[in-house]
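Going line by line, the protein sequences match chains A and B.
Residue numbers for the first sequence follow my numbering, so the first one is 16 and each next one is one higher.
Residue numbers for the second sequence follow my numbering, so the first one is 2 and each next one is one higher.
Do not rely on the hints blindly, as some may be mistaken.
What the hints assert, rightly or not - Quick list of in silico lysine to any residue cross-link-like pairs, SDA-like style, CA-CA up to 20 angstroms: (1) A:K23 x B:A246; (2) B:K275 x B:D115; (3) A:K94 x A:D78; (4) B:K275 x B:G116; (5) A:K23 x B:A247; (6) A:K94 x A:L73.
Think of the hints as simulated: they come from the structure by calculation, not from any bench.
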Amino acid sequence: MSPQLTRKPDVTAEVLPDGSMVLFDPAEMVAYPISASGAVIWEALDGSRASERVVDDLLSVYDAPRDQVEGDANAFVAKLIEIGLLLPATVDEAAKR
Amino acid sequence: MTPAICADPAILRFDILGCRVGIATRSRLVERLVGRLYRDYTDTSAEPPDTLLQVSPISQDGKLRWTLAAGREPVSCHPDLGTALNVLEYEICRRVIDRRRDLVMLHGALVSRDGMALFISGKSGAGKTTLSLALSARGFHVETDDVALFEASSMRFHPIPRCFHLDSRSKQLLRATGVQMPETSERHSFVTPADLRACATRGPTPNVLIALTRTESDSATLATLTQAEMTGLLMRESGWGGHSAAEVLSALVRLTRQARCYQLTMGSLDASVKVLDGLIWRHTSAA
Numbered sequence: 016m017s018p019q020l021t022r023k024p025d026v027t028a029e030v031l032p033d034g035s036m037v038l039f040d041p042a043e044m045v046a047y048p049i050s051a052s053g054a055v056i057w058e059a060l061d062g063s064r065a066s067e068r069v070v071d072d073l074l075s076v077y078d079a080p081r082d083q084v085e086g087d088a089n090a091f092v093a094k095l096i097e098i099g100l101l102l103p104a105t106v107d108e109a110a111k112r
Numbered sequence: 002m003t004p005a006i007c008a009d010p011a012i013l014r015f016d017i018l019g020c021r022v023g024i025a026t027r028s029r030l031v032e033r034l035v036g037r038l039y040r041d042y043t044d045t046s047a048e049p050p051d052t053l054l055q056v057s058p059i060s061q062d063g064k065l066r067w068t069l070a071a072g073r074e075p076v077s078c079h080p081d082l083g084t085a086l087n088v089l090e091y092e093i094c095r096r097v098i099d100r101r102r103d104l105v106m107l108h109g110a111l112v113s114r115d116g117m118a119l120f121i122s123g124k125s126g127a128g129k130t131t132l133s134l135a136l137s138a139r140g141f142h143v144e145t146d147d148v149a150l151f152e153a154s155s156m157r158f159h160p161i162p163r164c165f166h167l168d169s170r171s172k173q174l175l176r177a178t179g180v181q182m183p184e185t186s187e188r189h190s191f192v193t194p195a196d197l198r199a200c201a202t203r204g205p206t207p208n209v210l211i212a213l214t215r216t217e218s219d220s221a222t223l224a225t226l227t228q229a230e231m232t233g234l235l236m237r238e239s240g241w242g243g244h245s246a247a248e249v250l251s252a253l254v255r256l257t258r259q260a261r262c263y264q265l266t267m268g269s270l271d272a273s274v275k276v277l278d279g280l281i282w283r284h285t286s287a288a
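When you get a sec, could you build the whole thing from the sequences and use the hints?
Written out as structure tokens, the structure is:
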């Protein structure tokens, strides 16, 4: 998982009682439902922490091998990048970290 | 048999969620059916209707046809009353939705029993009407099988009254499950809510949300959906009225956050009804 990622601006996140989350992109007017584990990843990808910490957060919640958790998290992040909700961080943003 | 015709058209007046509709007809049969369909919305005010629709039988090439007009503008001509009434309901529904752009339109069936209210969302042809009627035979109260307007601020549901329109396959399925259909369903291929003793001017807020899909298998399955998945699904299926996407999303999140969400993959009608029966029983037993 690359640490050089940033959330697309103005995307909102609504957490529901069952732990799932709805991401809303107002520019595209599309709502994306994500699972509870995806919500943990999204919350952690606020640009302030290294990717390893994201996996650590997941491991504290889910009892699974690190390799599996890391693989699933990478696949989820790749999906967010594909649909444009995660963007490469700019040089300034990366320098701030 | 030629329907009884009056010399002077009867004008029935209704106030459906703030939309005043007048329906003019020379047919006693239409007068009776429309009166039953919208009986809970009778407009007793002196205000003229916002819109006047006319349903009239005519003879065309020696055959009975049913015409629909809006004011002076012809809308359509149909070979049977069921189709004409379906179009009439659609015209009324469209005007109500246009009038009430403060509400979010949800496409689905709303049924309730034992303190539980289920909203069943699904595409046209998924089986909502047939399933709703089968559920009514199991003691479910059917508020609507098609469209409801949702008031986010109060979480109130306002079912829009419509007949339950049945094709031959639906009638066959219902007969096979032992559902006794009213006589109108045989003659006209539709059932009015009054025939099912449904009387919904305001529906209960659903505490169970169901996404309906179909399969060719006989067995029906129920799977849990996350509240986020249900929100996304309802967002795609809803009419936004005068709201922004963000406002609709906020309204739907308010709805889903207090509900349990499932996907029902319909099998045979009987199996599907049993699954929902079981769901209600589990929830009420656990309470």
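Hints violated by the structure (listed by number, smallest first)
Going through the list in order, the structure violates hint 3 alone and respects the others.
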